[in-house]
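If you want the building blocks of each chain, they are given just below.
2 protein chains.
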Amino acid sequence: MLDSLFRPKSVAVIGASNRRLTIGYRIIQNLLDSGYNGPVYPVHPKAAFIKSIPAYPTILDVPGDVDLVHVVVKSSLVPMVLKDCGKKGVKVAIINTAGFKEVGGDGIKAEEEIVKIAKDAGIRLFGPNCQGIMNSDPEVNAYCNFTFTKLRPGHVSLLAQSGGVGEVINNRLYELDAGIRMYASNGNACDVSIPEIIEYWGNDPGTRVIICHVESLPDPALFLKVAKEVSKKKPILGMKTGRTEAGAKAVGSHTGGLVKQDTTTELIFEEAGVISFSDEEDLCQAAYAISRQPIPKGNRIGIMTNTGGPGIISADELIEAGCELPDLSEKTQARLREVLHAEATISNPVDVIATAGPEHYKATVEALLDDENIDSVLINFITPFFVDCEGVAREIAALAPKAQKPIMAIVMTEKEGWAKTISTFRDAGIPVFDFPETGAKALAAMSNYAVRKSLPDEAPAEFSDVEKDVAAKKIQETLDAKREFVPQKAAIEMLEAYGIGAPKSAEVGTLDEALKAADAIGYPVVLKVESEDVVHKSDSGGVALNLKDKGALEASFKEMEGRFKGARFLVAQFIGDDGIEVLFGAKKEEGLGHMVVFGLGGIFVEVLQDAAFALAPLSKSRAIEIMKKLKGYPLLEGVRGKSPADLDLLADSLCRLSRLVTDNPQITELDLNPVFAFGKGKAPIAVDVRIKVK
Amino acid sequence: MLDSLFRPKSVAVIGASNRRLTIGYRIIQNLLDSGYNGPVYPVHPKAAFIKSIPAYPTILDVPGDVDLVHVVVKSSLVPMVLKDCGKKGVKVAIINTAGFKEVGGDGIKAEEEIVKIAKDAGIRLFGPNCQGIMNSDPEVNAYCNFTFTKLRPGHVSLLAQSGGVGEVINNRLYELDAGIRMYASNGNACDVSIPEIIEYWGNDPGTRVIICHVESLPDPALFLKVAKEVSKKKPILGMKTGRTEAGAKAVGSHTGGLVKQDTTTELIFEEAGVISFSDEEDLCQAAYAISRQPIPKGNRIGIMTNTGGPGIISADELIEAGCELPDLSEKTQARLREVLHAEATISNPVDVIATAGPEHYKATVEALLDDENIDSVLINFITPFFVDCEGVAREIAALAPKAQKPIMAIVMTEKEGWAKTISTFRDAGIPVFDFPETGAKALAAMSNYAVRKSLPDEAPAEFSDVEKDVAAKKIQETLDAKREFVPQKAAIEMLEAYGIGAPKSAEVGTLDEALKAADAIGYPVVLKVESEDVVHKSDSGGVALNLKDKGALEASFKEMEGRFKGARFLVAQFIGDDGIEVLFGAKKEEGLGHMVVFGLGGIFVEVLQDAAFALAPLSKSRAIEIMKKLKGYPLLEGVRGKSPADLDLLADSLCRLSRLVTDNPQITELDLNPVFAFGKGKAPIAVDVRIKVK
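Quick note, the sequences are listed as chains A and B, same order.
Residue numbers for the first sequence follow this note's numbering, beginning at 1 and rising by one.
Residue numbers for the second sequence follow this note's numbering, beginning at 1 and rising by one.
The set of hints was computed from the structure by calculation and includes no laboratory data.
Certain hints may be false.
Heads up, the list lumps identical chains together, so a pair's fine if it works in one copy or across two of them.
As the list claims (entries may be wrong) - Listed next, the in silico SDA-like pairs over lysine to any residue satisfying Cα-Cα at most 20 Å (straight line):
(1) K516 with G206
(2) K119 with V451
(3) K87 with E493
(4) K234 with G104
(5) K631 with L608
(6) K629 with Q609
(7) K628 with Q609
(8) K331 with K362
(9) K628 with L608
(10) K74 with A342
(11) K473 with E625
(12) K150 with D434
(13) K9 with G206
(14) K74 with E359
(15) K588 with S619
Given the structure is predicted, the values throughout are model-derived calculations rather than measurements.
Model the full structure from these sequences, guided by the hints.
Written out as C-alpha cells, the structure is:
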C-alpha cells in the first residue's frame, strides 16, 4: 500500500533551505501553499526555522512520527540520511537527489547501496532523481514536489516517467480546468514502480482516469498485468515518447526484422487496454472529458450544431476515429420536427441553425439523450450575438444531472465576452472544448474505451491434444548438442506435436535412405541440407524444390552431397503453391514472454512489411483480430479467383504456435515462412520451419 | 481590384437598425469599435439616427460617395436596393441577406437576378448569404462583419467558405496573439470569388500567410492557377472539410473507382503548393509561426531543450513530419562544449539541462544560428523556478532581430507566474507555443513550405514526335459512329501516335485474316473480341491469351466466332508477364482537365488500392514523384530477383499519356491496365487499352 506516499500524515524535508531558489525551499513552500493537512518538518543542520517553521538538525530530532521524507541532500550523504530515517521509522523516502543510476558507473553502485539500506530499514524509496508526488484530495492536499503548477483538484491521476512531460501535462490539465487527483514522477524508479502506482490508483475512488507517460518499460510483464486489470475499472491513457530514436537492433531473422521500433510498447498498451496517444494536447483533452462525464455504453454519437461547418468537422473526426453517427430514430425525428425551425436539418448531425434559442437546444439534447441508438451527445455551439447564449447553456446544464449519457460541448466563442456561458456548462460538469476537432477526438477516445471494455475477455486458447513432452524433448536435445537451431526433422515433429500442419518428412544421410523416404512420402519432394550454418538455406543452394521423380532427387542429392560434405538431409513432401502464402513467427521479448507475428508472405511482407503482432498465448478471436489488421487482409478473403482461406483453421494454428512458445520459454525465435493457407476445411501447412533456442 | 471591398473609403449599411440584437445594428457597432477610418452611413426608412450616427432613408439620400454597402434587408427587397446602389455609384455590395442559391428553387433564380442587376450597374457583389470582410490595416480598420472576434492586427489573411469555421479560426488567431491582416467569408460567392481574393492578398504586402478553408471548389482550374502563383510568393494553408461525406459516385472503370473522396481537392492543394491541414488548431499554430518569423531556407532543424522529455517529443514530431535534425558541425560542438555545463548533451537536440542560465541559452541559440547545416532553431524551455527565466527570454529575444533564420520557442510554464517571460519572447516576434508537439508541427509546416518552394518549377513534358492528328481522327471517328469506346485497334494506334508502347496488332473479321495477321505479328498471340458491349472482356470469355500456334488460334477463333456473332476481332502480340505489372489511367475532372493515375497492377491495386494521382500534363519529375508515393514502390526498384524497372522510360510514357488526354479533351476515361514495365532500356508496353470518349 502506498498510503504513506500519497496520503502522508507528516512530511519531513531533509535538506530544507531558506534560500528561495533551492529545491529545499520550494518543496516547503509548495506544501504550505497547497494547504497540506499535516505537520511539515524541515531538517537543516543549523537553521532554527525554515520559512517560519521550526527546523531540526537531523531527522532523529523531529518530535513526531514521520510518514514521508523528501531527501534533497547531495548524493554522497543519502546513505547516511537513509540510515537515520530507518531509525526514525520513516515509511517512504522521496529521493529528489540526482547522481545515481542515470549517470552510470559509480552512480549504479550508489543506487544499489541505497536500495539495500532502505530495504533493510523497511523504507520504501521513490526516485531517486525525481520530482515527487501530489495529492489534491482535500483530506490530504499534499504537494510533495518542486514544480510550478498549482494544485487544482480533479479526477485525473497522472504518472510521468519524464518529469518535464509530467509538468507540461499537469499544467495543461490545470488550464483546462480539469485539474488532477494525484501526480507522480518517480525518476529512476529504484523501488516504487509505475505498475505499483497504477494499481494503487486503480483502487482510489477519486481517480476516474489515469494518464501514464513512459519512455521505456523496465518490467513490461508486470505493467501489462496490472494495466490490464486496472483498465477494466477505469481508462488508462498512455503516451510513449522517443518513437523515432535509433531503431531496434537488427536481428538475423525475418520476424525479428519486422518488429519495429516501439512495436513492443504499443502492443503492450493495446493488449492491456491502454488508450494510446501521440500528442499531449489530445491526451489532456481526453482526460478532461473522461474525468467529467460518465463512460458511454458505446461509440454511437449524436451531434448537434448551430452552423454547418463545425458540425461537418466534428463528424469527419468522429468517423475517422472509428465512431458511428447513427440515423436518428423515427421518434427522435418527429420530436425534432415539431420544435425546430423549418430550416433546421433533422438528421445526424442535427443543424438547429444559428437563430435557434434555448428551447431548441433543450429539445434537441433531450431528444438525442432519449434516442436508444445514441450513446453520447456532442454539441457544436458558436455563440451568435443575437441568441440568449447563457439561456442555451442553462437549459443544457439542467439536463446534465439526470443524463445517463455523456454530454460534451464545443463552445466556439470570444471567451471574455461569453465567460458566463462557458462557466454555466462547466459548473454542470459538461466539458467545454474550443474546437470541433478537439471535442470530437476526446469523445472518440472515451467511446473507443467503452467499446473495448464491452468486449468479452476471452481466455487464451487451450489444447488438450498437444504433446508437450515431445517438443520439450527436442529442445533439450538441441541444447544438449550445443546447437542454436532445432534440426529440421525435430522442428517438424515439434509442430506436429502441437497440431500445426507440416509436410511429411524424413531425415536421411545417404542417397539410398533419401530414395526410400521419397517413396514413402510420395513425389514431388523437397530436399534440404540439414545444417546449423545454413540458416537461410535457399540463398546457399541448400534447398531443391519440386523434385518430381527419382531421377531428379538422385541428381540433386548427389550435387548437394558433394557440396555439403558429411551433412545430413531432409526429404519432405513438396506442398506446391496453390495456397495463400502467409508467415507465422514468434520472438521472445525479455521480461514479457513471446510476441507472435502474423504476416502475408512473399511480396507483401518483403515490400510492405505487412505484419501484425500479439502477445502469446492468444485467444482465437485475438488471432483473427490481428489477421484483420493486415493491409492485405482481403487476400485471405479471396481475390482473383482464389478461394478464401479458412480463417478459423488459420487462427487455430496460430493459437497452437502461441502455446508452443509459451510452453517452451527456451525458444527465442520461431519462423514458419512460408505457411500455406488453404480453403474451407483444409488446415494450413508450414513449409519451412526455423526454431532458435537458448 | 478589390480595393473598394477591402479598403473602402466609405461604408453604408442598408437595413441598419437600432435594435441591438440585429445584424443591422451589429455591423455599425463593429465598424465603430474597430475604429474604421471613414464615414459610416446607416440607411433606414424612418430613423434619423442609428447608434448616434445620422441615418438616411435610401442610399440615394446619402451625401457622400459610397464605396461599399452592406445589404441586410430581406431577400425580396435586394434587387430594388441594388438598382439604387447602381444609381448612387456604389462599387461593391456585401449581401448579408440569405435566401438565394443555398435554398434552391426560386432562390437560384433570385441569385441570377441580382447578379444581372449588379453587372448592369457595374457593382461587384460579395455573398449573398455571407458574413463580410475585415481589414486590420491601421489605414483602414474596417470590420464589415457581424461576428464577435475583436480585430487584432497581424499578418495572417483568412478566407473561409464556412463562416462558422472562419470565426473559430479567427478567434483562435486572436487568442494566440497572431491576429489577422484581412478576413473574408463570401458565402454563395456569386461574383467575388475565392481565387480572386487569394490573388488580391498575394499582392498585399501586409499579408505574410493566407489561410483558405473550403468545402468545395466551384472553379477548381482557376483556384489551381491562382494558388500556384501566389504560393510561390507566400504560404497558403488550406483546409478542406467534409472528408467523410457520402462518397463520390461510383464509376464503371478501375480508374474511376480509385479516385477517392476528396482526392481532387487534396490533389489541387498539392499541385498548387497549398499546405494542407485537417485540424484547425494545427492550422492556426502554423499560421501564427509563419506570420512572425522569416521563411527558412530548408527543413534542417536545430533543437535545444532544458529537459529530456519535451526535447524527445519535438524530435519525434519533426522527423515524422519529414524534417531533418542534422548533426551539429564540429565548430558548433566545440563552441557548446566550451560554455555549457559538463552534464549537458552536445548533440541535436542540445540538452542544456535544467540549471542552465541565460548565458547558456544565448550561447546555444547563437551557435545553432551560426551552424550552416541548420535552417531553423526550436527552443524547448520549461521554466525552472531556480533559473532567471526572464533573463533567458531577454538573451534569446536580443538575438532575434539579427537572425536570418526562424527562432521558435516552446515555453512550458504557468502562464500567470511567468507572463513577463512569455511576453519578452513575443515582443521580439518569437512565436511561443505551449507544447513540444505544437511548436514542432508549426515549424515543420514552415520548413516543408520552404523545401517545396525551393524545388525547380519544371514545365510539363513536351513531345515533338507525337502525331496529334492521328489520335484526334480516331476519336472523331468513334464519336461519328456514336460509340462510347474507341475500338481496340484504333486505341492502340492512338497510343502509338503518342509514342506509348503497345503490342503489334491487327483487326480482323475472318479466321483467314486472323491467321495471316498472326503470321505477320509472330506467335504467341492474343485474340480479343472487338465489342462495345464487352468492356471488361476477360470476364466474358472475350479474350484468349498466349495462343502459341496456328492450331490454338484457330480453335479460339472458332469458339469466339460462335459466341460473338458477326463481331470483329483483334489479333495482337502476346507480351507475357516477365515485366512488372502497373496501370496507367486518366479521368476527366469537369472544370479541371484530366487527372492521371499511376498504380501497381494486379493484387496491389485490387487489394491495396495502391495508386497515386497527378494533374495532366505532367513533367517528368512529377511523374517520378507520384511513382515514389506508392506503397509498393520498392517493387519497381526490383525485389525477388526481378530487375528494377526503367523508371525514366516509365515516366516518359506516363507524360506522353498525360499529353494524349490534354490534347484530346473528348477523352473522359482512359485505362491502360496492365502496362508491363521492363528493365533498363526497354520501354513499357500497354497490354490492354480502353479509351472512353464523349
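Do the hints match the structure? See the list:
1. Within a single copy, K516 and G206 get their C-alpha atoms no closer than 74 Å, and across copies no closer than 89 Å, so neither meets the 20 Å cut-off.
2. Taking the shortest Cα distances, K119 and V451 never come within 20 Å of each other, neither inside one copy (43 Å) nor across copies (58 Å).
3. Neither within a single protomer nor between protomers do K87 and E493 lie at most 20 Å apart by alpha-carbon distance, with minima of 62 Å and 98 Å respectively.
4. With identical chains, the CA atoms of K234 and G104 are never at most 20 Å apart, being 37 Å at best within one copy and 50 Å at best between copies.
5. In this assembly of identical chains, K631 and L608 lie within 20 Å of each other by CA distance both inside one copy and across copies; the values are 9 Å within and 7 Å between.
6. For the homomeric pair K629 and Q609, the shortest alpha-carbon distances inside one copy (13 Å) and between copies (16 Å) are both at most 20 Å.
7. When the C-alpha separation of K628 and Q609 is checked against a cutoff of 20 Å, the pair qualifies both within a copy, at 15 Å, and between copies, at 17 Å.
8. When the C-alpha separation of K331 and K362 is checked against a cutoff of 20 Å, the pair qualifies only within one copy, where the shortest distance is 16 Å, while the shortest distance between copies is 67 Å.
9. For the homomeric pair K628 and L608, the shortest alpha-carbon distances inside one copy (16 Å) and between copies (14 Å) are both at most 20 Å.
10. Taking the shortest alpha-carbon separations for K74 and A342, only the inter-copy value of 17 Å comes in at or below 20 Å, while the best intra-copy value is 74 Å.
11. For a Cα distance limit of 20 Å, the shortest separation of K473 from E625 qualifies neither inside one copy, at 33 Å, nor across copies, at 55 Å.
12. Within a single copy, K150 and D434 get their C-alpha atoms only as close as 23 Å, which misses the 20 Å cut-off; across copies the closest is 17 Å, which meets it.
13. Within a single copy, K9 and G206 get their C-alpha atoms as close as 19 Å, which meets the 20 Å cut-off; across copies the closest is 61 Å, which misses it.
14. In this assembly of identical chains, the alpha carbons of K74 and E359 never lie at most 20 Å apart, being 65 Å within a copy and 25 Å across copies at closest.
15. Within a single copy, K588 and S619 get their C-alpha atoms as close as 18 Å, which meets the 20 Å cut-off; across copies the closest is 50 Å, which misses it.
When each numbered hint is compared with the structure, violations occur for hints 1, 2, 3, 4, 11, 14.
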